[in-house]
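For the record, the sequence lines run as chains R and G.
The C-terminal residue of the first sequence carries number 298 in the UniProt record's numbering, and the numbering is unbroken.
The C-terminal residue of the second sequence carries number 433 in the UniProt record's numbering, and the numbering is unbroken.
No wet-lab data here; the hints were simulated from the structure.
Among the hints, erroneous ones may be present.
25 Å max Cα-Cα, derived DSS-like pairs, lysine-lysine [stated by the list, open to error]:
(1) G:Lys69 with G:Lys115
(2) R:Lys212 with R:Lys26
(3) G:Lys3 with R:Lys72
(4) G:Lys18 with R:Lys126
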Amino acid sequence: MLSIRNIVKQYANHRALDNVSIEVEKGSVFGLLGPNGAGKTSLIRIINQITGPDSGEVFFNGEKLNPSHISKIGYLPEERGLYKKMEIGEQMLYLAQLKGMSKQDATKRIKYWFEKMEIESWWKKKVEDLSKGMQQKVQFVATVVHDPELIILDEPFSGFDPVNAQVITNEILELNRKGATIIFSTHRMESVEQLCDSIALIHKSKKILDGKVKDIKNLYRSNTYRIGFEGQLTSTENTMFEILDQTADNDLNYLTVKVQEKYSANDVLKFLIQEVQVNEFMEVIPSMNDIFIQNVKN
Amino acid sequence: MNKTLLIIQREYLSRVKKKSFLLMTFLVPMLIIGMYALVIALSINGGDNVPTVEVIDDSGIFNKGLKDKKSVKFHLSTEPLDQAKQKVIADDGAFLLHIPKDIASGGNLELFSQKKAGLSVMSTIEDQLNDGLRNKMLQDAGIDAATLDNIKPDVNIVSKQLTLEGEKDSSSGAAMAVGFAAAILIYMSLFIYGIQVMRGIIEEKTSRIVEVVISSVRPFQLMMGKIIGIGLVGLTQFLLWIILSGTLMTVATNVLFKDKMEAVKSEMPAAQQQIAAQSGPGTDIVKAIQTVEWSYILPAFIIFFFGGYMLYSALFAAVGSAVDSDTETQQFMLPITLPLLFTYIMSFSFIVNNPDSSLSFWLSIIPFTSPIAMMVRLPFGVPMWELALSIVLLIGGFIFTTWVASRIYRIGILMYGKKVSFKELGKWFMYKG
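Isolated chain R (complex conformation) (with noise of 0.2 Å):
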């Protein structure tokens, strides 16, 4: 769907990509993570043709990126606003025609999505007049009102409240279901990782880790388990694990364990059994967040 090759984005004196390459597959939901000032917002751009790289090339759908590509790109950008003194409807007609809409089909589109989002009413109110919100609602219709195959969100859920967060992310999902190919953009990388099936980390200009979010996690494992169990474990010294952590509440004993490589999850339950009753075992998945500064500090 969308291929980044050794993207490189030189400003006056700094770097804000360094030879960033990334695969966005088709139909996926992809999380573009990294704090503030990593070069999000400047691979963003890039794909939307605001700006050019340096050296490197954007592929869409196999083809090299050029402006017919804008049509089939919806994007919601951080730094979003609309024009205060003109009419909502107007607006989105107005921004759906500049992404090649036709009149008519825009009309009907933004009908469709205005119902959808109950905001009907709002057609001929102005911009000035609608709380923050409601102004994201309609910024959100604006990012896929026409159609496009690839949506890209930057930091999309910064300053939407929970509900219209949700409503939100119900939407996108199901515009991922029929077919849509999603970009996030965050720096808030647990807000994401649920969603995404795969990632990219940039961090100072470089991407550091990319793939699907079940092999990094497979990647990043530990064999690390949470067991909580009733009784008292009579040998706490043993080959098969070691104790990270160990406490208690009520009748509950918690217990974080790093299993020895020789040793299956299996093995430690089977091991237990004998010992206790277990409640709980789990294993203990690092988070985006974790992984991530894990690869910072090496």
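Use these hints to put chain G onto chain R, whose structure you have.
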């Protein structure tokens, strides 16, 4: 539809639909008509409240009285001076002129009043007394009154332009007036519409809509769309002004002043009427305006307005893109304001007096100054090749400024919350892609 056209359409419609646009469109012609009507009304009525000057003539030279003029009337009084002075103290509108016995040998005239007399009253009195005294002295020297009446030179220059098509009446006064008006109009509108471009860009930048828009169109398209859209608003405004003022002026002349003008004519003796028909009050203005070659000046005005506007608004656009608010624009405005102000001052102090000098030529050729300077020169007659050269250079000039501005603009609109210097702008200009 072409995206630039869409942008032009939005910029144009969103402004033309505003109430302030409608207001300006109707208000300005009203003001023009109002001023025009005032000029005519004044020239017919000669203003109201004409002061009457009581004259006490001790010398006896002016015993026939002084002639009443538009701005002042005279009344020969026989009262003693002290009694007349009391009247002046009682009435704050009264004037008393005392002509002493020794006026012929250098005595001073005295004009008594509570208020200081206006300049026109003073000069009218001085003129009349000088004339009267001169006549008296000439008569004393042995020249009789009849000879004197015959010696009244009256020189009046009728300027005629000699061209291949033959002689044409031309009025330097009217030409100057039209040149002035056009230059002032261009000077003001370059600012008014240039600043609208700048504000529009700042608005897009601060409201953050700009990033959404330029993910659909190239920054250059957005900038050009805005510049052209607002320029068309300006042209629409001018066109409406011209049409409205023209219509209103015709209506006003015919309805409001027809009877008055006829009344004035019927009061005059028959011989004077003929002269009045040609140069009566109001008509001389109209006639002078008719001698101006509108078919030549109007298109030139539109070309130079639009060309100058394109050139300067591109610079305004660059400034708008570089800042976050109106208040930060100050430092960047200076290089834009300076050439405009310079030309403006030069136009009224120099070009208008020396329309064919080489400095005037250069000012009307250089793109940054030509929109104003050329309009001032044009009514005096400018060779076709100079006009053509000036227009070509102006077009070249705006292509150049637009190119420079667009390179700054594309970076500037995405820079938020950054204090920018000229050095920074230079860097932006050099960025690739």
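Against the structure, the hints:
1. Taking the CA atoms of lysine 69 of chain G and lysine 115 of chain G, the gap is near 20 Å; set against the 25 Å cutoff, the hint holds.
2. Among the hinted pairs, lysine 212 of chain R with lysine 26 of chain R is consistent with the structure: their alpha-carbon atoms are about 13 Å apart, no more than 25 Å.
3. Between lysine 3 of chain G and lysine 72 of chain R the alpha-carbon distance is near 16 Å, which keeps this suggested pair within the 25 Å criterion.
4. A threshold of 25 Å between alpha carbons decides the hint, and for lysine 18 of chain G with lysine 126 of chain R the separation of about 14 Å falls inside it, so the pair holds.
Checked against the numbered hints given earlier, this structure breaks none of them.
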